[in-house]
Every structure is written in C-alpha cells, then in structure tokens.
Amino acid sequence: MPDSQKRIGLIGLSAKGQITALQNSSKASAEAAAKEYKLEDVATHDSPSDIALDANVDIVAVSVNVPEHYDLIKPALQAGKDVFSEWPLARNLSEAEELVQLAKTKGVRTMVGLQARQNPSILKAKEIVASGKLGKVLGTTMYGHGMIFGPTIQQGFLYALPIEAGANLVTIPFGHAVDALCYVLGEVKDISATLANHRPELELVGADGKPTKKVQKTAHDYVNMIGKLANGGGLVDVMYAPALSRTGRDFYWEINGTDATLVLEGGKMGGHVQMFQPKVKLAKDDGIEDIEVEKAPDFSFNVGKAWDAWAGVGTDKGYSVTTFEDALLRHKMIDAIYRSAERGTRENYL
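Residue numbers are given in UniProt numbering: position 209 of the sequence shown equals residue 209, and the series is strictly consecutive.
Watch out, some of these pointers could steer you wrong.
[Unchecked claim] Simulated crosslink set (DSBU-like; lysine-lysine; CA at most 35 Å straight-line):
hint	residue 1	residue 2
1	K332	K214
2	K284	K136
3	K126	K189
4	K126	K214
5	K6	K136
6	K279	K268
7	K217	K281
8	K214	K228
9	K189	K281
Calculated from the structure, these hints are not laboratory results.
A quick note: this is a predicted structure, and the numbers were derived from the prediction, not measured.
Please construct the entire structure, taking both the sequences and the accompanying hints into account.
Spelled out as structure tokens, the structure:
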C-alpha cells in the first residue's frame, strides 16, 4: 500500500491521513471523540494493545502526554506497526533506547515530531549556511523563552512538574530549538551545562486564573548549554528561560561567520520554534537584508509537512522525515546536558 494511503490509528486525536481507529483512556471517551470529529466509521479502543492489533491500522500515531509514550508505543512496535510519536519520544534516554531497538528489530518505519525541522525559517537558515554565504561559522548564540514554568501553572500541565516525567523546559521548548540548531549547523561536542529550578513552588490556578493552591516542581526552569560544533569548532551558547519575555523578545538566534551573520528572531511566544516562525535576516558589512521565507499559515503546517515527507511528498523542497533514531540522538544530547549539570563536567553524546 502506498504511504499516502496508509491507515492511521490515533492514540489521542491529531494526525493527517485516513483515520481508521482511535484509542483514548476508555472506550467511551474514544467513542465520544469519534462522534465529536464525525469519524463515524472509525473503530474505537480503550487499550494500546487493542489498537496495535487492529488489522485496519498500518500506522499508530501517539499524540498524548510524554509520560505515557513508552507504554503506548511499545505495543504498537511489538505488533509490527509503523509509529509516529510526538517529541519527546520517551521520559528518558533508557526508554528511548529500548523503543529504537525494538523498532529496528521489527523493521518498521518511525517518525517523531521534531517538526522545527520543517519550519520554513529553519529550512532557509540551513540552506544559507550550506551555501557558504556566512563563510566559516565562528560561533552561534540562541536565546529563548519556553512559555512554561512561570510563576503559575494550570491543572492540565501538572503532570510535567516532576523531572521524572520528561516533559519540561529542557526537553520540550529547549529540545525543539536545539534540535533545529543541530539540524542547521551540525551536532555539538564538549557540552558544559547549567540547570536551575528557580521556582520549586508554583501557584496552581483555576480556569478563572485565580490561584487555588501551591504545588511543588522538581523539573528545571532555566537551562544554559555551551559547547563546540563537532564539524568545525565554532562555539555554541544556548539559553532557555521560563514564561514569556517582558521585552517581547522570546526568541533570538544569531549565527556569526567570517563573511556574514544570520539572524532568526521571533516575537511573543516565538521561543517554540516548532510552532512559531521567526523572521530571517542576513547581515553583512554593508547592511542587513530581510530574507523572504515561505509563510506557515498555522501551527499544523510543520507537522503536516513532516507527514507529507513520510508519504514521499515535498522531499525535493527540503522536507524530511525525523525518525526515532534522530530522536534518540537528541535524547542522548539532553542526557549529556543533565550529566554535565550534575557533575560539573564537559560531556559528549556522539
């Protein structure tokens, strides 16, 4: 069956293609979702094993909270299904390693939602760097705000408070952004990192925005990573902060070369480069040029392009499939960051 006609079983409700099955926490909730989205002919399931064994499902798409990924992905792989998962792939490196090995053993196709790689601004940056317009890359600095882990938190995100959940500022907004950096410039070596949990206690707010009680947080809300580009020695400095910028500068990325400097800059909420599209500028000694970039109309654009690439569409324009193996490399990088911060050492993951 051509990839464009593969039948998708959703764990959660967010994908592109022919939806033939849906699994939620209970059969009743799955049936309610099917009714809400007018999926009258869709089979409904209440367990990952059931949807994995559904003969009408070719691809299982996992679109739920990170702590549940491992338990939902594993049955699908064991059943020999192709699998899509949102990023992060798992709560930690060991879970990610097991899932990647299982996917290899079963010989299935995989895709992970590191969709900043599909962001037209990131693709344009990659194109400019590869063209040699910057000359030799001397160094790069990236700064962003991750929206999450400001002074308040809502009920729906409480699952992210323990560091063990693997769904935090380091893994999600920073993880997406640093993956984009590596996609454009290559991987990083000799990592030295500092992490902080400046707000170990947050105010839980209700739907009306009013505080209800205080909750404890062990996940970090600040991350700084420095290192060198593995392919040439250019210096790397990345910092991500919580909440939103008071100055409206939620994302700024500068790549400095011997001949020119490339700048990607986003305004409010731009720190999530997997969703928001930064402006691109090329600075030379004689001035700064605004670079024209394809406009992404909404948040679904980048994910849609990733699914298109899985079906073999758009690869001639630079869109690509980010696999579980790609996700594992990023998990290894994040693990190196944690090790460095804990031990006060320089760490490598390649």
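### Query
K126 and K214: Cα distance at most 35 Å?
violated (44 Å)
### Message
For K332 and K214, compute the direct alpha-carbon distance and say whether it is at most 35 Å.
### Response
holds (33 Å)
#### Entry: Pair hint outcome, K284 versus K136 [Cα-Cα no greater than 35 Å]
holds (14 Å)
### Task
Measure nothing beyond the straight line between the CA atoms of K6 and K136; if it is 35 Å or shorter, mark the hint as holding.
violated (44 Å)
### Task
Compare the distance between the alpha carbons of K214 and K228 with 35 Å, and conclude whether the hinted pair is satisfied.
violated (40 Å)
### Message
Would the hint linking K189 and K281 be met if the CA-CA limit is 35 Å?
### Response
holds (27 Å)
### Message
Need the status of pair K126, K189: alpha-carbon distance at most 35 Å?
### Response
It holds: about 19 Å lies between the C-alpha atoms, which stays within 35 Å.
### Task
Sort out whether K268 lies within 35 Å of K279, counting only the CA atoms.
holds (12 Å)
### Query
Given the proposed pairing of K217 with K281, does the C-alpha separation stay at or below 35 Å?
The given pair, whose Cα atoms are some 38 Å apart, is violated under the 35 Å limit.
Hint compliance for this structure: hints 4, 5, 7 and 8 are not met, and every other hint is.
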